[in-house]
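Student: Chain A is fixed; fit chain B with the ligand onto it per the hints.
Chains as they are written, first to last, in our numbering: chain A, 1 to 360; chain B, 1 to 574.
Check each hint, because a few of them may be wrong.
Claimed, not checked - Below, computed lysine-lysine pairings styled on DSSO-like, alpha-carbon distance capped at 30 Å: (1) B:Lys7 to A:Lys129; (2) A:Lys129 to B:Lys385; (3) B:Lys385 to A:Lys25; (4) B:Lys453 to B:Lys151; (5) B:Lys384 to B:Lys523; (6) B:Lys151 to A:Lys129.
To be verified - Derived CB-CB ranges, DEER-like: (7) A:Asp141 to B:Pro505: 38 to 46 Å; (8) B:Phe341 to A:Leu165: 34 to 42 Å; (9) B:Glu10 to A:Leu165: 52 to 60 Å; (10) A:Lys46 to B:Val229: 52 to 60 Å; (11) A:Lys129 to B:Val36: 22 to 30 Å.
Since the hints were made in silico from the structure, they are not lab data.
Note that the coordinates shown come from a computational prediction; the quantities given were computed from them, not determined experimentally.
Just so it is clear, CB atoms sit at the ideal spot from N, CA and C, and this is done for glycine as well.
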Amino acid sequence: MGEHGHGDPTESGAVIKAGDGESGKYAIDNPGLPPHRPRVADEDPKAEKRSERQVATLFLISIIGTVIFFIGYFAVELSEDLQALRLQNTLLGVGVGFAMLGIGLGVVHWAKTLMPDHELVEDRKPLRKEAERQEAEQIIDDVLEESGIKRRPLIRNTLIGAAVLAPLPFVLTLRDLDRSEDFGVERMRHSMWDEGVRLVRDPTGTPIRAADITIGSAMHVIPENLREVSGHAARLSEKAKAVVLVVRMNPDDIQQVTPGREDWTYDGIIACSKVCTHVGCPVALYERHTHHLLCPCHQSTFDAAQEFKVVFGPAGRPLPQLPITVDDEGFLVARSDFTEPVGPTYWERGSTDPEGDYNA
Amino acid sequence: MSATTEKYTEAQYLEAEQYQPATRTGRITNYVDQRVGGTGIVREFGRKIFPDHWTFMFGEVALYSFVILILSGTFLTFWFDPSMASTRYDGSYAPLQGLEMSTAYATALELSFDVRGGLFMRQLHHWAALLFVMAMSIHMLRVFFTGAFRKPRELNWVVGCALLIMGLAAGFTGYSLPDEVLSGNGLRIIDGMMKAIPVVGTYMSFFLFGGEFPGGEVIPRLYVLHIMVIPALILVLIAVHLFMVVTHKHTQYPGPGRTERNVVGYPVGPVYAAKAGGFFFIVFGILAVISGTFQINALWNYGPYDPSPVQAGAQPDWYIGPFEGVLRLMPGFVGEIPLEFVIPTPWGGNSVATPVLIPMIPIAVMFLVMFIWPWIEAWITGDKKEHHILDRPRNAPTRTAIGAASVTFYCIMWGMGSNDLIATHFMLSLNDITYWSRVLIFVGPVIAFVLTKRICLSLQRKDRETVLHGHEAGVIEMLPHGEFREKHTRPSDYELYTLVAFESPAPSGPQPNAKGKITRTEKLRARLNQWFYQDRVEPVSREEYLEALEHDHHGDGHEGGLEATDRRSIEASH
Ligand code: FES
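Only chain A is shown next, with the shape it has when bound in the complex:
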């Protein structure tokens, strides 16, 4: 470890030792560390005293910060309104902030102005010595030799086999991460919608009379039987598949009807799954003039006038349409379940209907 002095630039090559292997490599040789420039506080006792006072002041500020924290904690009465909470939060934050900054800045200022600022030089040790490497290699050889693992392939191979198999039970026990009775992909093909299930408003649960929907309006809808599902989690999971958006437009604006879907709408009222076919966010925004539905997550845009075909964004399929009609009392009801799985595409989704349980 060497330390450079206050020397003259042409004489300060002391820290570069012969054998560093770079002499003559570059345009000039390493001139060594520049001379140390003393700071004001090193030479002027007044400046030194001033630094000392500054550091102490910073520590005092820290103490004041802690006091501010106490005031915020005890003096602010939390009440119903957010105002008191905000005030308390600010006092706590600023208090802790001062308490910490005071200590931090004080110590750093101390280190910068009053502690020695000589740069020191230390040698890098080579990572290993050749003699030691040989010794280590010898040790490993001896260990392997004594264990006999090389000479006894039977032991080695059975050990490898056992070690590979032994973790499997722990992996297997993860199987019950999903303990549901209807385990498998089949459940993803169905929702709570069925023939005759009423469309009700979300979240009030009131049924919807077709005549009450004005042209250009949109509403968030759930199946009436959703509230019969017991348990919060189960209800949310069912709801995640069954949420529907109902819009009403001028029947003449509907530009496209696939054969077989003629009776899926009712007098310009058209319903679709609200679960985006991209990765599943709720498609919640409806623009009445363009009949476009927008998913806020990645901005897939679907055209309600063209059977919810994708007009922009990353979604790969139209939103599934829910066939609807009205019942005897004039309330909107579903004609059937969706005729395809709702939501994001998954590997087992496929295009066909092996069970034949979709009637489209």
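Tutor: Chain B with the ligand alone, transformed into the frame defined by chain A:
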């Protein structure tokens, strides 16, 4: 077996026991030392040298924010209950009273409204998390651009990459815990992306959520990951990371007095320790002030998770931005042709969600290349030496340009993650921004590459200028014979050395292997090597420098008293 079994003398054994400390402190330290051997630690670390530079600070910031995360996070666990059991909210926030919600959300609200300092701690935790990932990212950029990942530090670079991924995982699992609308939709997106993975994806989702999304299991599971598994891994990785830093000793920037064989800097005690320790309090203080004054993730505004509502314009945490953005960039259809397709199989076909899968590719490639970059670069350059002196970014133009291109690529994805905000802020069409970004994501990195390389090369040329002709003093003088010219001052040796001490190897060309054959991979390597090192600017050589001095000597316009001694020392060393 071992050659180093020395014998200790009887006196050495007795010495330790007979030592009588004189002072009180001496007695205490002696007590500890005799039991755990503190002498060795103090001798090893007490005066260990650490180079100091402001760019070495970011790793420290990351470490300190992690400490703050642990402290504030522990506080939060005392009140937060990750259960998804349903409850009716009856806390003090009036607008949500009487609503059915999960216990997780209810306790997160209670923590914010009814526990004094709870809101502060939650905000501190969130801000610290943002800073944690931010500091790690900048630290990695610093390491990349200065070439600090080169031998012998390749493995530590990998540990760093793993830390970054763990940081992202910690962030995401934490973000999902409060179970309000925002985090629920975040989970929904994860669910959708998982389901897109061929063959195993659907079941991964089932196993994570304990059935169909959202179910009643996922939050406690994420909680265990968030407060135990991930922090434990991060702690282990940090320990390994720091251990390796000590083993390798820190890198240093090139400069006078610095060589590959030494470390120049401040000793741990007292200066470095004081600065680093003080810096922890500064980071803490800044985070505390921010948490006290800037609201973050006001979860009472969102309401309990429900699959139906969604927040438009809601922003995910910044580090999730690129993932979100790249999903937005991808079109689902090209014209009228859907990219999604079904593989016909006897059992009814399997769907491939191409619009979700394709964006995962650049992200996966980016992370993979990041992990193995030290080996890629070493293979291309054929450089097998140890490096403890950092590169100035300009002196490795191709690497710097690659870095800039990757950063650009990342930033475009990130910008796309906020394209809705950009659109409303600057009154642009959202769709136009997306169309342009689809072009930009390919063109932008190329432009960044070319530009950065040019800039590096011209900076290198400027360095050569300075070495050969000195600094322009900004003074025009008239020579005796009437010519005008600008005065130049020669830089000192200390400055010169920094400008000339770097290597800029020529492309090496294909090397035959042991059998004297040039393999096809070797040809590829040679081509990449050519690309990596072409258009190089060489450092000023000794001959050029001497010539410049000679020139200076004959002309009358030179300035600066160093010149004479320069000549002497250089000629002497020849
Ligand atoms: S989830 Fe709707 S666009 Fe991505």
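Student: Evaluate each hint against the coordinates.
Tutor: These are the hints, each one checked on the structure:
1. Pair hint lysine 7 (chain B) plus lysine 129 (chain A) holds up; C-alpha atoms about 22 Å apart against a cutoff of 30 Å.
2. About 17 Å separates the Cα atoms of lysine 129 (chain A) and lysine 385 (chain B), which keeps this hinted pair within 30 Å; it holds.
3. In summary, the hint linking lysine 385 (chain B) to lysine 25 (chain A) is supported, as the alpha carbons are separated by about 16 Å, within the 30 Å threshold.
4. The hinted pair formed by lysine 453 (chain B) and lysine 151 (chain B) meets the criterion: a straight-line CA distance of about 24 Å does not exceed 30 Å.
5. For a cut-off of 30 Å, the pair hint linking lysine 384 (chain B) to lysine 523 (chain B) stands: about 19 Å separates their Cα positions.
6. For the suggested pair lysine 151 (chain B) and lysine 129 (chain A), the alpha carbons sit about 18 Å apart, so the restraint of at most 30 Å is met.
7. Hint check: aspartate 141 (chain A) to proline 505 (chain B), Cβ distance near 39 Å, so the stated range 38 to 46 Å holds.
8. Hint check: phenylalanine 341 (chain B) to leucine 165 (chain A), Cβ distance near 39 Å, so the stated range 34 to 42 Å holds.
9. Between glutamate 10 (chain B) and leucine 165 (chain A), the C-beta spacing of about 55 Å keeps the proposed range 52 to 60 Å intact.
10. Judged by the Cβ atoms, the range 52 to 60 Å given for lysine 46 (chain A) and valine 229 (chain B) holds: they are separated by roughly 57 Å.
11. Lysine 129 (chain A) and valine 36 (chain B) have their C-beta atoms about 28 Å apart, which keeps the hinted 22 to 30 Å range intact.
When each numbered hint is compared with the structure, no violation occurs for any of them.
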